[in-house]
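Chemist: Given chain U, work out where chain H should sit, using these hints.
There are 2 protein chains.
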Amino acid sequence: MMQPSDKALVPFVSVDNMMRLVHHIGVEQMITQIAQQIDSDFKRWESFDKTPRIPAHSPHGVIELMPTSDGEAYGFKYVNGHPKNTSEGLQTVTAFGLLADVYTGYPTLLTEMTMLTALRTAATSALVGSYLAPKNASTMAMIGNGAQSEFQCLAFKAMCGIDTVRLYDTDRNATAKCAANLQERGLTVVACQTPEDAIEGAQIITTCTADKKNATILTDNMVGPGVHINAIGGDCPGKTELHRDILLRSEIFVEYPEQTRIEGEIQALEADHPVTEIWRVMTGQAKGRTDDRQITLFDSVGFAIEDFSALRYIKNAIGGTDFYEPLDMLADPDDPRDLYGMLMRAQ
Amino acid sequence: MMQPSDKALVPFVSVDNMMRLVHHIGVEQMITQIAQQIDSDFKRWESFDKTPRIPAHSPHGVIELMPTSDGEAYGFKYVNGHPKNTSEGLQTVTAFGLLADVYTGYPTLLTEMTMLTALRTAATSALVGSYLAPKNASTMAMIGNGAQSEFQCLAFKAMCGIDTVRLYDTDRNATAKCAANLQERGLTVVACQTPEDAIEGAQIITTCTADKKNATILTDNMVGPGVHINAIGGDCPGKTELHRDILLRSEIFVEYPEQTRIEGEIQALEADHPVTEIWRVMTGQAKGRTDDRQITLFDSVGFAIEDFSALRYIKNAIGGTDFYEPLDMLADPDDPRDLYGMLMRAQ
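Protein sequences, first through last, are from chains U and H.
In terms of my numbering, the first sequence opens at residue 5 and continues consecutively.
In terms of my numbering, the second sequence opens at residue 5 and continues consecutively.
Same shape as in the complex, but just chain U (with noise of 0.2 Å):
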């Protein structure tokens, strides 16, 4: 075996090492340190190449690639998006991401993304979350208890000051697994019979939930005046949570408009629907949230620029560390135009 040159190693975080990164920084720490890059990011918005991901839909669920670049870094990630895989013992939702060097185009991590996915999310809602839900928030009602669940909440106790959260799914095992996972993370966990018992005295409303189609989860008279809804299940055309008359009362917040208008709750409306883009929101162009009774809606679809932010993240987390591996993943011969010498030394 030929010893490959540095440059053609490529950092690759698996699932195992992402798992025991999280262990040694601290689910919560974690969350709020990405949340922190994002928001970063978020405030040099103009930086950035943008584009709607690129899907490929099928019958069975939807392939997505996610690239973004500031000009230094580039980034993308491969997501899946298959709700009917649940039933068949697979996640709905898995992922890998890649960083590379504008310069020289060559990779510079690799790393699963279905955890960090699962943390970017969380990261993204409740940093939304600290600029919209009303001052002095103590109750979220998580409505969806499926894999993104426990994060959410773990995201808006550590960012927003969440004490309480209340469960709904209409799956009472799901409610009892998120229940179970909660359990001794300091938070007081309430397992709710119906939507209308979960959103009970609570100011931020999260949904999320995996159904690819028009759903209801939320009808206009369950919503009362100044909450904060943070609307993460609804991400694909035909796939929306909320009725159009919540979306009608609510001030609406959203990532990258021209992916909202295609993926998200706002579907429902007019093409031209006034929204607020978050970051301008993050850089004080615009307003946030302006008195007590107003409704915020974050209608998250996830973007780019959140799985970029997470990937740098990750990048610098690994420095130094064993959370990683190298990777052979780049041929690199010593005269780059010698490719076929190369594979003719090897033999």
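Just so you know, these hints were derived from the structure itself, not from any lab.
There's no promise every hint is true.
One copy or two, either will do: identical chains are not told apart, so a pair holds if it fits within one copy or between any two.
Calculated lysine-lysine pairs in the BS3-like style (CA-CA distance at most 27 Å, straight line) [claimed, not checked]:
no.	residue 1	residue 2
1	Lys319	Lys11
2	Lys11	Lys88
3	Lys319	Lys88
4	Lys88	Lys291
5	Lys11	Lys291
Modeler: Structure of chain H alone, referenced to chain U:
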């Protein structure tokens, strides 16, 4: 460390394993087999989702994602193009690729593709040559003696009956490298001092140079009747190799016109200049070479289906071998909704 399930483990072919596989099969044999896969996939052209590749341009080069799917498998390639890299001791082009199962969205193969791209590019060139080159062609001019050149020469030997190659490069060291690498491969190799000398007596002219600019490797008066031109190097906006007058005298064949009009030699022509899609020649729906004096031109830029074919070939070829290693790339908890529980149990 937790033991990930089979579904979480993606077969990974490193550069080292790819080179072992090539030697196991044989270079010319493997190029020929990949060409057969490409031929078979091009003949079912209409069953593929096709899109021009998604580029991220910078002043230093380009990074591209090239996805495609036939509804059952999904594949994409990451590839960079940085002509300035060579002067810094790096590859102009590096690549890796992935196959996934459309039904689950789960990746099924990750592989280096720097070496594999060289093989599939040569396979595509010689496959098209087998449809378009004049009968009984025996001599090929190889202009540009970089990383792709030896693969091109061997492919045309294996698939088109070439027994003599005439090499030219502006850098004599590149020609010397190519000539040395082709010793004892059953080819008569002639190192030439000028492009005019190289094309002397050649029935096939392959151009494969790397400058990112509109260069004129061939001028009109250099190209006589009856030759087949295999133009590889012009493959992004502003990067061409042939004088426009040659194009006007040629019958032009392309992979995917939507992409070639942006990236190929035909950038220099009107947007409605007639070209023939090569898959139509393969299926018999369009004519290839129709007379001995015709100049045929394959304006090749590389297309995603070629990579898809190469990826599927590798996936089949590694079955039952040890030319890959399982990569712990996908989080796959026993209960798909219990990603957080998987994380906690890993502690």
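Chemist: Hints broken by the structure, by number, lowest first?
Modeler: 4 and 5
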